[in-house]
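J.: Sequence:
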Amino acid sequence: MSQILIIYTGGTIGMMTDPVTKTLVPINFEQIMDNVPELEKLNCKIKVHSFEQIIDSSNMNPAVWSELAGLIEANYDEVDGFVILHGSDTMAYTASALSFMLQNLDKPVIFTGSQLPISAVRTDAKENLMTAIEIAKAKKNDKSRVPEVCIYFDYKLFRGNRAFKYNSSKFEAFRSPNYPILAESGVHLRFSANDIRQPGEGPLKVHNNLISDVAVLKLYPGISPKVVETILGADVRGIVMETFGAGNTTTDQWFTDLLKNAINAGKVILDISQCKVGTVELGRYETSKELKDMGVASGFDMTFEAAVTKMMYLLGEIDDPLEVKRCLEKDLRGELTESEVVKN
Numbered sequence: 001m002s003q004i005l006i007i008y009t010g011g012t013i014g015m016m017t018d019p020v021t022k023t024l025v026p027i028n029f030e031q032i033m034d035n036v037p038e039l040e041k042l043n044c045k046i047k048v049h050s051f052e053q054i055i056d057s058s059n060m061n062p063a064v065w066s067e068l069a070g071l072i073e074a075n076y077d078e079v080d081g082f083v084i085l086h087g088s089d090t091m092a093y094t095a096s097a098l099s100f101m102l103q104n105l106d107k108p109v110i111f112t113g114s115q116l117p118i119s120a121v122r123t124d125a126k127e128n129l130m131t132a133i134e135i136a137k138a139k140k141n142d143k144s145r146v147p148e149v150c151i152y153f154d155y156k157l158f159r160g161n162r163a164f165k166y167n168s169s170k171f172e173a174f175r176s177p178n179y180p181i182l183a184e185s186g187v188h189l190r191f192s193a194n195d196i197r198q199p200g201e202g203p204l205k206v207h208n209n210l211i212s213d214v215a216v217l218k219l220y221p222g223i224s225p226k227v228v229e230t231i232l233g234a235d236v237r238g239i240v241m242e243t244f245g246a247g248n249t250t251t252d253q254w255f256t257d258l259l260k261n262a263i264n265a266g267k268v269i270l271d272i273s274q275c276k277v278g279t280v281e282l283g284r285y286e287t288s289k290e291l292k293d294m295g296v297a298s299g300f301d302m303t304f305e306a307a308v309t310k311m312m313y314l315l316g317e318i319d320d321p322l323e324v325k326r327c328l329e330k331d332l333r334g335e336l337t338e339s340e341v342v343k344n
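So that you can map any letter, position 222 of the sequence shown is 222 in UniProt numbering, and since no number is skipped, the others follow by simple counting.
It is worth saying that the hints were derived from the structure and are not from the lab. Incorrect hints may have been included.
[To be verified] Between beta-carbon pairs, the in silico distance windows are: (1) Gln274 <-> Asp56: 24 to 30 Å; (2) Glu67 <-> Lys330: 23 to 29 Å; (3) Leu71 <-> Glu38: 21 to 27 Å; (4) Asp195 <-> Ser169: 26 to 32 Å; (5) Met33 <-> Pro225: 35 to 41 Å.
[Unchecked claim] Each computed PhoX-like pair below joins lysine-lysine, with the alpha-carbon atoms no more than 20 Å apart: (6) Lys170 <-> Lys139; (7) Lys170 <-> Lys218; (8) Lys260 <-> Lys218; (9) Lys45 <-> Lys126; (10) Lys218 <-> Lys276; (11) Lys126 <-> Lys47; (12) Lys165 <-> Lys276; (13) Lys47 <-> Lys165.
Model, not experiment: these values are computed from the prediction. Idealized CB from N, CA, C, for every residue including glycine.
Produce the complete structure using the sequences and hints provided.
T.: Written out as structure tokens, the structure is:
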């Protein structure tokens with residue numbers, strides 16, 4: 001019989017309306033179990049680790065990611081898979097971070113939650129929780145069907161570092177436009193075997209040294225030199241720059257000079273697109289050729305969440321800015337598609 005560890009961090013799934021204040025307040029995991037008696041029919045042993053202090057996902061941070069990674073490492077040999085209950089607002093950040101932190105993962109780590117509390121009449125929590133457990137225990141030839149960090153929501157399983165929350169009012173909260181879904185739940189669970197990443201060789205290796213010295217520069221028409229200079233001059237080692245279209249920026253001399261100064265000062269600048277679909281292609285247009293020449297890293301089709309957490313991970317592992325840049329442009333955990341157009 002399979003054994004699954006459920007890690008309860010908090011989120012809407014574990015909320016209930018306070019009869020006095022009429023606001024949503026967190027409940028303990030035993031109360032969640034009381035609302036899902038069907039869990040007893042899943043033919044698996046369920047272990048539970050509930051955070052001592054339930055966390056609103058808006059308060060998520062690298063220290064909590066390290067705690068989650070530590071829990072997975074400590075229980076890795078004892079269970080067949082993990083289900084992490086987490087608020088949806090920052091779920092894609094946590095899933096992305098753990099995908100980088102858990103090297104050679106060969107067991108499922110499935111994040112899920114809900115848009116309505118588990119006690120609500122029309123809640124999506126029960127299906128999300130039940131199916132997440134089913135996926136976490138699914139095996140073929142005695143091997144896990146999905147040895148990845150994933151997000152399960154509204155009948156779809158996404159690679160964790162490819163998904164982002166796009167809707168706060170529908171059950172269909174997440175999308176992954178640049179990578180196919182890994183499984184879909186209907187009458188049957190259907191896995192997309194060709195799209196599921198195979199584990200690396202060797203034992204699980206956990207990387208806990210995340211460096212959060214990362215700034216974000218989001219471009220917009222008319223952005224002032226003062227704003228750009230302030231962000232590029234911040235006391236950080238890495239900068240995620242959200243650009244236009246296929247990675248384009250203004251070609252004004254003041255802007256390119258500020259970028260060059262930041263790179264010369266040892267900072268790593270990663271270019272990702274503000275578009276949700278498509279990829280960065282540095283050098284395709286004149287407006288991005290100079291970025292490529294000066295050493296700006298291409299984020300290809302990474303999500304913002306993956307870009308930020310990958311930068312944190314690499315800054316914690318590598319001191320040399322040029323090596324950080326090289327690794328940012330390399331597919332480490334299935335988070336990006338290296339464009340043949342850019343390579344050529």
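J.: Hint by hint, say whether it matches the structure.
T.: Hints versus structure:
Between Gln274 and Asp56 the beta carbon distance is about 27 Å. The supplied range of 24 to 30 Å therefore holds. Judged by the Cβ atoms, the range 23 to 29 Å given for Glu67 and Lys330 holds: they are separated by roughly 28 Å. Our hint of 21 to 27 Å for Leu71 and Glu38 holds, since their Cβ atoms are close to 25 Å apart. The hinted window of 26 to 32 Å between Asp195 and Ser169 holds, with their beta carbons roughly 29 Å apart.
A beta carbon spacing of about 57 Å between Met33 and Pro225 contradicts the range 35 to 41 Å that was offered as a hint. Among the hinted pairs, Lys170 with Lys139 is inconsistent with the structure: their alpha-carbon atoms are about 31 Å apart, more than 20 Å. Simply put, Lys170 and Lys218 have alpha-carbon atoms about 27 Å apart, too far for the 20 Å limit, and the pair is violated. In summary, the hint linking Lys260 to Lys218 is supported, as the alpha carbons are separated by about 17 Å, within the 20 Å threshold.
Distance hint between Lys45 and Lys126 is fulfilled; the C-alpha atoms sit about 18 Å from each other, no more than 20 Å. Restraint check: the Cα-Cα separation between Lys218 and Lys276 comes to about 14 Å, which is no more than 20 Å; the hinted pair holds. Only pairs whose Cα atoms come within 20 Å are accepted, and Lys126 paired with Lys47 is accepted, the gap being roughly 18 Å. Proximity of Lys165 to Lys276 is assessed by CA-CA distance (about 11 Å); at most 20 Å being required, the pair is judged to hold.
Proximity of Lys47 to Lys165 is assessed by CA-CA distance (about 28 Å); at most 20 Å being required, the pair is judged violated.
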